[in-house]
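Colleague: Given next are the chains, with one letter for each unit.
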Amino acid sequence: MNSFGEILRTAFSLILSGDRDVFEAVWTSISVASCSTIFATLMGVPIGLLVGLSQFSLKRVAITLLNTLTAVPTVVIGLVIYGFISRQGPFGGMELLFTTKAIIIGETVLAVPIVIGYTLSAVKGADVRVIPTALTLGASRVQGLVQLTREVRFGIMAAVIAGFSRVISEVGVAMMLGGNVRGFTRTMTTAIALETSKGEFAFGIALGIILMAVALVINFALNLVQKS
Amino acid sequence: MTPRYRLTGVTKYYGDKIALELESLTILPGRIYVLTGDNGSGKSTLLSILAFLSRPERGEIEFDGKLVEWKNAELQLLRRQVTLLHQSPYLFTGTVFGNVAYGLKLRGQKDEALKQRVAEALALVRLAGFETRNVRQLSGGEARRVALARALALQPVVLLFDEPLANLDQISAEVVDEIITTLPSQGTTVVVATHDPQQAGRLGGDTIRLADNKLDRLPTGHCME
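These protein sequences, in sequence, are chains W and V. Just so it is clear: in the first sequence, position 191 is 197 by the numbering used here, and no numbers are missing. Just so it is clear: in the second sequence, position 113 is 131 by the numbering used here, and no numbers are missing.
Calculated from the structure, these hints are not laboratory results. None of the values given here were measured: they were computed from a predicted structure. Idealized CB from N, CA, C, for every residue including glycine. Some clues are possibly wrong.
[As the list claims (entries may be wrong)] If you anchor each label on the Cβ, the simulated ranges turn out as follows:
1) V:90 to W:188: 54 to 62 Å
2) V:205 to W:233: 46 to 54 Å
3) W:75 to V:42: 47 to 55 Å
[Said to hold, decoys possible] Covered stretches of chain W (in silico footprint by chain V; criterion: 3 or more residues with CB under 8 Å from a CB of chain V, positions within the stretch not fixed):
4) 129-143
5) 147-154
[As the list claims (entries may be wrong)] Here are the simulated DSBU-like cross-link-like pairs (lysine-lysine), alpha carbons at most 35 Å apart as the crow flies:
6) W:107 to W:65
7) V:89 to V:123
8) V:35 to V:89
9) W:130 to V:123
10) W:130 to W:107
11) V:128 to V:89
12) V:232 to W:130
13) V:35 to W:130
14) V:123 to W:233
15) V:128 to W:233
16) W:233 to W:130
17) W:65 to V:84
18) W:107 to V:84
19) V:128 to V:84
20) V:123 to V:133
21) V:89 to V:133
22) V:89 to V:232
23) V:89 to W:65
24) V:84 to V:123
25) V:35 to V:232
26) W:233 to W:65
27) W:130 to W:65
28) V:84 to V:35
29) V:232 to V:84
30) W:65 to W:204
31) V:133 to W:233
32) V:89 to W:130
Working from the sequences, and respecting the hints, build out all of it.
Modeller: Structure (structure tokens):
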């Protein structure tokens, strides 16, 4: 058995040599996570703003439900969507299973509650005078909402970063819905799971290093946003 | 002369509590009105209604002789004629220029004309040259003056002030006072809510006095009907 030092050396050489399998997994992870984060943002931010600014009798229930959804295990989300898009499911005919589209759908569902939650917090923390000020200066309701979004933009950026962070590091959805197909739906996390189970520790470590680097960059970005 | 505002049978509730109850109130154009009353008497509520930010549960309001129907598009047009300066005004994050220009940009002003209007408004409040300052760098008095400049730049038909001198330094208070007194000569209707009897005296004009969330009866010559 190779020493850990040798494994590390091999891992770094895989990275530095631009190993195809390594970087295909990296590219798949980043592209899928980016797409799902964009979709989650487009859905989650307006919902977060609407829920945050509205008063309705079931608001507390809605927020509790939302918080619960952020804690649902990724493999459960993967399982539920699997049920919908498998051959036996209502959308089986669309042949989405074991494609990157399926992973994007699953990761979007994963990220939306997080984006909504962070956006809700941002709106809750916003000054109550923002919208009335915008309105009295001649803004329409929509323009007032736009101004509010500008005022809480750092909170919304934090929402986007948190959503991305969640999906880039998840394995359950990608495994269930993507099938870990080499060169196609294999992400960093599913590749780590597979290669490690095969005893290919160096490959797993290489991807782990890159994933840690991505996580570091994300956290650094989040810190910057929070400081702002 | 068509009144600027005519309020009839106006009632505003906050929850179950009556925040304001007016049988009748007329406000004429181009005059100063001083709105007085104890804390909780309904002054801010009345200003909010006059600014079309808050809809009363009952009653009718006419603005320039036209009944207000409280529809979104109509309200936006009305709000572009009436500006309320809150007691603690909020400045949007960014620069002084961005704030003063906000309402002007909504109205389609741009480029040199925009810069000119901003500069003029800042000069009026004695903050010429403050355009590039970040609002977080302003003192309390300067921030209030920027909020005033932001309102003045729009040249509204009605300018409403909620406690404009509260916690202001002397220079800022002088600037605000001076501007308020000159506005009617430009045709602007001004309503100032104030606790300060000295300010009320300095401003002159008609008095609207609220007590227990209702209009207090005043001698003839004041603005009530």
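Colleague: All hints are to be evaluated individually against the structure, with a verdict given for each.
Modeller: Each hint tested on the structure:
no. : hint                       : result
1   : V:90 to W:188: 54 to 62 Å  : 56 Å, holds
2   : V:205 to W:233: 46 to 54 Å : 48 Å, holds
3   : W:75 to V:42: 47 to 55 Å   : 54 Å, holds
4   : 129-143                    : holds (count 9)
5   : 147-154                    : holds (count 3)
6   : W:107 to W:65              : 33 Å, holds
7   : V:89 to V:123              : 23 Å, holds
8   : V:35 to V:89               : 25 Å, holds
9   : W:130 to V:123             : 27 Å, holds
10  : W:130 to W:107             : 34 Å, holds
11  : V:128 to V:89              : 28 Å, holds
12  : V:232 to W:130             : 34 Å, holds
13  : V:35 to W:130              : 26 Å, holds
14  : V:123 to W:233             : 30 Å, holds
15  : V:128 to W:233             : 33 Å, holds
16  : W:233 to W:130             : 18 Å, holds
17  : W:65 to V:84               : 38 Å, violated
18  : W:107 to V:84              : 57 Å, violated
19  : V:128 to V:84              : 31 Å, holds
20  : V:123 to V:133             : 11 Å, holds
21  : V:89 to V:133              : 33 Å, holds
22  : V:89 to V:232              : 26 Å, holds
23  : V:89 to W:65               : 26 Å, holds
24  : V:84 to V:123              : 27 Å, holds
25  : V:35 to V:232              : 13 Å, holds
26  : W:233 to W:65              : 30 Å, holds
27  : W:130 to W:65              : 13 Å, holds
28  : V:84 to V:35               : 29 Å, holds
29  : V:232 to V:84              : 24 Å, holds
30  : W:65 to W:204              : 48 Å, violated
31  : V:133 to W:233             : 32 Å, holds
32  : V:89 to W:130              : 27 Å, holds
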